[in-house]
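Undergrad: Chains as they are written, first to last, in the UniProt record's numbering: chain C, 1 to 353; chain D, 1 to 353; chain R, 1 to 353; chain W, 1 to 353.
Source of the hints: derived by calculation from the structure; they are not laboratory data.
Predicted, not measured: the structure shown is a model, and the values here were computed from it.
It is possible that some hints are incorrect.
Heads up, the list lumps identical chains together, so a pair's fine if it works in one copy or across two of them.
What the hints assert, rightly or not - In silico lysine to aspartate or glutamate, EDC-like type, Cα no more than 16 Å apart, as pairs:
#: 1; residue 1: K191; residue 2: E74
#: 2; residue 1: K147; residue 2: E38
#: 3; residue 1: K39; residue 2: E195
#: 4; residue 1: K167; residue 2: D307
#: 5; residue 1: K197; residue 2: E46
#: 6; residue 1: K192; residue 2: E97
#: 7; residue 1: K199; residue 2: E258
Protein chains: 4
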Amino acid sequence: MSGNIFGEIFKVATFGESHGAGLGCIIDGCPAGISVDEKFLQHEMERRKPGAKSAAVTARKEDDLAEILSGVFEGKTTGTPIAILIRNSNQHSSDYENIKNKFRPGHADFTYYKKYGIRDYRGGGRSSGRETCARVAAGAFAKMFLKSLGIQIFAYTKEAAGIKSGKVDFSEIEQNAMRAADKDAAALMQKKVEEFKQKKNSCGGIVECVVKGLAAGFGEPVFDKLDAVLSHAVLSIGAIKGIEFGSGFGCADSNGLENNDFMGSGFSFETNNAGGILGGISRGDDIIFRVAVKPVPSIYLSQETVDVNGNECDILIEGRHDVCLCPRIVPVVEAMTAITLADMVLRNRSSRV
Amino acid sequence: MSGNIFGEIFKVATFGESHGAGLGCIIDGCPAGISVDEKFLQHEMERRKPGAKSAAVTARKEDDLAEILSGVFEGKTTGTPIAILIRNSNQHSSDYENIKNKFRPGHADFTYYKKYGIRDYRGGGRSSGRETCARVAAGAFAKMFLKSLGIQIFAYTKEAAGIKSGKVDFSEIEQNAMRAADKDAAALMQKKVEEFKQKKNSCGGIVECVVKGLAAGFGEPVFDKLDAVLSHAVLSIGAIKGIEFGSGFGCADSNGLENNDFMGSGFSFETNNAGGILGGISRGDDIIFRVAVKPVPSIYLSQETVDVNGNECDILIEGRHDVCLCPRIVPVVEAMTAITLADMVLRNRSSRV
Amino acid sequence: MSGNIFGEIFKVATFGESHGAGLGCIIDGCPAGISVDEKFLQHEMERRKPGAKSAAVTARKEDDLAEILSGVFEGKTTGTPIAILIRNSNQHSSDYENIKNKFRPGHADFTYYKKYGIRDYRGGGRSSGRETCARVAAGAFAKMFLKSLGIQIFAYTKEAAGIKSGKVDFSEIEQNAMRAADKDAAALMQKKVEEFKQKKNSCGGIVECVVKGLAAGFGEPVFDKLDAVLSHAVLSIGAIKGIEFGSGFGCADSNGLENNDFMGSGFSFETNNAGGILGGISRGDDIIFRVAVKPVPSIYLSQETVDVNGNECDILIEGRHDVCLCPRIVPVVEAMTAITLADMVLRNRSSRV
Amino acid sequence: MSGNIFGEIFKVATFGESHGAGLGCIIDGCPAGISVDEKFLQHEMERRKPGAKSAAVTARKEDDLAEILSGVFEGKTTGTPIAILIRNSNQHSSDYENIKNKFRPGHADFTYYKKYGIRDYRGGGRSSGRETCARVAAGAFAKMFLKSLGIQIFAYTKEAAGIKSGKVDFSEIEQNAMRAADKDAAALMQKKVEEFKQKKNSCGGIVECVVKGLAAGFGEPVFDKLDAVLSHAVLSIGAIKGIEFGSGFGCADSNGLENNDFMGSGFSFETNNAGGILGGISRGDDIIFRVAVKPVPSIYLSQETVDVNGNECDILIEGRHDVCLCPRIVPVVEAMTAITLADMVLRNRSSRV
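Start from the sequences and build out the full structure, keeping to the hints where you can.
TA: This is the structure we're talking about:
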C-alpha cells in the first residue's frame, strides 16, 4: 500500500521518477474560484530547480516547466482535480550504469530493493530528491489559496556547514545562495560549503520555518494535531531527520514556570516557547519549527558498501549532486507546510455546526 | 473534521474526556487469529496509570480497568472491530469550577475554545493527558500482533530535570519510578524531580525509543515514510514538542562521509546514524528516535493569564498533576509506535504482487 | 483491512456482535454546537428495536438503551468524538449451539469462516442484523445535524410480500406495523406476512426513501457522486440487494426526450426521473431512491446445507427472527442516508474558496 | 472536498476535462512486479474510444493514446505510482459556444454551476463521459493484476432500446457493435438504435457484469461489503441509475425458501440468487450484477430549459453524441469492477495474522 497521497481534503497525489518520462501531481480538493498565477507557479519551480549559481547545489540543468493539465478554466480553479506535469529532460542515466548493482551509502537503494524486489536505479528513481518538484508545484497552489487568507510561510537556512545564523531578516532569504535570513552568516556558510565541495564531501544544516497570519483554531486533535501533521509532512522530505517546535528540545532542560507562555489582554501571548501551537491547535501567533537536514549522502569519495549479492565492494559515485541541501530544501519545506495548512484550513470548516 | 482516527489499515479511533463517563477506542483492522492476553492489556494500563509510587506522577487514583466489548471470541481476535472501554471513576470536577472561565497557561483551554466555541473545562476535557489511556489500550493489541512477528519496543526516560542518562539497560526501565534505562541516573532524576515538586514547579525531559526485530522493507514512500508516520504518531501526544531519528539534529554539524552508514557483508550496517531508516523504509537494524517532553504546564504557582472575556487575571491551578511527564509518557510513546508499526506491517503486505 | 468506518468528514466507526457485551459507535467529525436530543436518540433506537407488535418482526426483547459516553457537554456536541454504547441483554446463545458447525443458508456463516478462519457463531456475530443498532444511533446524531439545516428523510415500505403500495402519505408510516406510507396496502401486507409466518417461511420487499429540503450542490464527483455514496451506504446494510434512483431500471426502456427532466423558471424541475441528482450532485428537489430487501434467510423449515467439514446435512434454525425485514430496515435506511448526507454537507463546505 | 480518488489500497486518482489539455490518472498502491502489457492497455482504450463502427456511438475521433509516465521499469510495475496521460486532440469547443449560458437537460451543467460557482461549459468539462477514459486506463492495470490471480470480468449489454438478450455467450461480446452477449438480440438492438438515431432521440439499456475466478473471502464488512463498494464504484459512472445483485429487485417478490442458495458438498452453491456474495463477502462462485443505463441526455431535438439567469429558453444541442451508451459503458463497468476487486484482493491480505 503506497503512500503517495497526502492530505484529507486538500489532497495531493504525486508521481514520477528521477529518470522517467516526468513527474507531477494531482491536487484533488482545491476549492473553486482561486485565481491562478502561472508565473508564481513557475517561479516556485525555479526556486527548487538545480543549477542555481551556488556552490551548494548540483549543476544538473532542468527546465522544470510545470504544465497545468486540468482543473483551471479562464484563470480560475474550477474545483475539479488540478493535474500538473513536469517533463524530465536533462537525464544522464549512464552515470548510474556502473552502480546499478551496488547500494549507495545513505541512499534508499537497499531499502527499495528489499521492499519491492525491483528498483529503478537511475538516479535513485522514486527516492530521488527530484521527486520534490511535484511537491513544490502542488505547494504553489496551496500558497495561492493561503495568500487569499493572508497566510504567509517563510523558510530559511538557519544553520549550515556548522555556521549558525544570528538575526532573521526575511528580505535576505532570496538574496543569497544559501537562502539564509542572515546576510553575514550566509557568506560564511557559502565559504564553508565551498570547502566541503573541494574536499569532495558534503554537509548538513538546519532549516527554520515561520508561518505568519494563521488565526487561532487550526489543527485537528487528537491525532491530527497541527504539529503532528506538520511533522508528518516535513519528515516525509528525504534528508530531514528531525523536527522541533518553539523551544523544542530546549524544553527538556526547562521548567513549567519558564516554558509556559503567559497570555495578556486581547488574547496575546507574551512569549512563544510553544511554537504557536497549544493542544495541537494554532493559537493565533507565529508557527515556528526547525528541521534537521542531513549531509548529502552522495559524495565523490570512495566508500565501502555491498552489492546486490551482499558482497563487500567500494563505490565511487558520479552524477551531479548538491553539497548542502538546505537552500533547495527551503522551498520544499514551504511547500509541505503550505499543503498542510491548506488542508487544515479546509478541515476546520467542519468544526462547528 | 476531527482527527481522532489513526492508521490506514490497523485503524484506531479513540474517544473520551477526562471527566466524562469514560474513554476508549475501536480498533478496526486488527487481523483475526491473534491470541488475546487480557492480563497484558491490563498490565499496560497499569503502566500508564497515575498514582504510581513516584514523586514524578499525580496522585489521582483511577482503576483504569479496560473492558473489551467486541472483536474477541474464545481468546482470539476475530477480525471484527475491537472496542475497549475504560470508565472514569476518580474525578474531582469541583477542582475546576474556579477556573472554568480562565485559560490555563500551557494548556489547550484557549485553543479549544477558539476552535469549537464550547469546551468541557473539567480537567481539560478531551485535551487532558488522560486521553492517552485509550491509546495505550489500542497499543496493547498492536504489541500482541507485533510480538507474534518478533518485534519489540523499548521506550525509556533518557533525560529528565536536566539529568542525562549514560548507559542503556532495558532491564532497568521498569525498576525505577523514572523509567530510565540507567539506574544511577534514575536516582538523580528522582531527586531533582522531588526538588521541582517542593518548588511547586515542574520539569521536562527526553524519552528515547528503540524498536528491535523489525525487518527491512517497512514504510510507504513518499509521504508515509516510516519516520514521517512515526513523527505524526508521536507528536500527536500532548506535551511532545520535537522528535529526531538516529543522529538527528546532530547531523546538522556532520558531513556525508561521517554520517553515511556503511554496509558490510550480509547487508549489515556498521553504524546507525540514520536511526534504522533509509528513504523512509526500515533497513533491518534498530529503529531509534528521541522525543522532547515539555515541562508539565500545570504548576502550583500563581500565573498570569486572561479570562474568556480577555481580561487579565491570575490563576492558581488545583487538582492533581505530574511533575515530570516522562515516566508516564513512556508507555504512550510505545503505544503509538506499536500502532504505527502494526499498520506499516499490514500496509507492506501489498507492496508486491 | 476491515471496513467498519464510514464517511470522510462525518466519520462513523461501529463495533459489536449480536451476542457480545454490546454494540456501539464513535462519531468522529460531528460539528460542535449541535443541541443533543437524547429522547430523540432513544426514540430512534426504539424504532429499530425488535419486539414491536407485528407479525413481521422477531420477538427478541432488547432494551437497546443508548448511553452517550463522550462528546456531549451541557446538552451540546463539543466537536470531540461522540461514543455511544448499547449493551446486549436478551441473548439466547444456546439457540445456536446446535448449528455452530453448520452454515446457515443465506447467511454469512460460510463467508466469514472462509475470510477470517474463525467466527463467532452466536447469532451470526458481527454479521447479525443487530449490528445495525449502532448505525441507527449514529444516524440519530446525523439527523439532529440535518434538522438544523431543514433536511428531512422519510423511508417507508413500498412493497412487501408481493403487495405494492399506491399512495404515499408520510403521516401513515409510523401508524402501521409495516411502516408503509399507504394505510390500505399496509393492512394487506400485514395479512400476507402473517401467512408467510404460518408457513414458517419469510418474504422480501422494497423500501423507498425520500429526502426533502436538500439544496442543490451536494455530492463530490467523480467517484463520490451523491448517488454513488448513497448506494455504498445503503448496500452496506445486510439483506439489501439492489438500489435505483428516480426512474431507475425503468430508464432502460425509456428514451432521452422522455427521461430528461426539463427545467422551468426559478431553476425548478418539471419532472424527477433523475431522482433529484444530476452528475452526482443534488439539484435542489427531492432525492428519491428504492432498495430491494431480500426475504429473511432464517426460516423455520428444514434446509439443505453443509457443515464446516463440507459434509452435506440438514439444518433447522431456532432463535427469534423477523418474517419481513422492511419495517425494521426503514430506520436503518434513514440512518445510513442521514450519515451520508451529513458527510456530504460537510464535504461541500470545501467546494469554494 | 472533491471525490476524485477511489480505493483504499489500490488507489486511483483521476483528472481531466473533455476539452482541456488531457485526462489521466495516478494509480497509487499497485503492487510491484506486475508484467505490464502496453498493448493490452491501448486495446482497452480502444474499446472505450468513440467512433467505433456503430450507429450507437458518437463520431468524435480521439486517438486516446495512453502514455505511461511513471511506475514502470523494464516492463514491470515498481510499486511506485503509475501515472498515465491521455492527451485531448479532437475537440470542437465551438460546438458549445452557443449553449455556454444554458443548462442542458439531463446534464450536470446546472449542478456544477450551483456547486462550484464556475463551470467549464466545453463539452461538459469534468462531467463529460470522456472522463471515463482515465478509469479505463487504471482499470487496465487492475485487470493485469487480477489476471495473475485468474480473475476475469465480463460485462455486456443485456438490454438496449427495449430489446432484451436471451442467451449469454461471452465470445459474442466483442463481435457486435452493441457488445451484447447474444448475437441475435444484438442485431435487433442495432436496428432499434438506428431508429432512435433517425428520430434524433436516444435510448437506455441494461448492462450485466459477471466476475469469474474470484475465490471466497473478499469484501470488508460492515460498511465496505463487496456489493456496497461495487455499487459505489459503478454508480459513480455517469448515466448509471441503479444496480442489483443476483436476483436483485426480483427478491422482493420471492420468499426465504426460494431465495436462499443451498450449499452442497465441496462448499458449492446450487443456485446464485445472491449474486455470489453473502454478508458482503464473496463466496467463491460468480459475482453477478446488472446496472441501469439511462438514455443519452444529448438529443438533437429542441428542448425546454433555462439559462444561467433562470429565464426559460429552448436549447438545441450540437456536437457528437452516442445514441445508446451501453456499448461504451461496458469497458467502463469492467474497469470500475476491476479497480474495486484489485483493491479488495489487497485489503483482504490483512484479514488474518
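Undergrad: All hints, please: hold or fail.
TA: A quick look at each hint next to the structure:
In this assembly of identical chains, K191 and E74 lie within 16 Å of each other by CA distance neither inside one copy nor across copies; the values are 47 Å within and 43 Å between. Within a single copy, K147 and E38 get their C-alpha atoms as close as 15 Å, which meets the 16 Å cut-off; across copies the closest is 43 Å, which misses it. Within a single copy, K39 and E195 get their C-alpha atoms no closer than 36 Å, and across copies no closer than 53 Å, so neither meets the 16 Å cut-off. In this homomeric assembly, K167 and D307 never come within 16 Å of each other (Cα to Cα): the closest approach is 47 Å inside a single copy and 35 Å across copies.
Taking the shortest Cα distances, K197 and E46 never come within 16 Å of each other, neither inside one copy (23 Å) nor across copies (54 Å). Taking CA atoms no more than 16 Å apart as the test, K192 paired with E97 passes in neither setting, with 32 Å inside one copy and 59 Å between copies. In this assembly of identical chains, K199 and E258 lie within 16 Å of each other by CA distance solely across copies; the values are 13 Å between and 44 Å within a copy.
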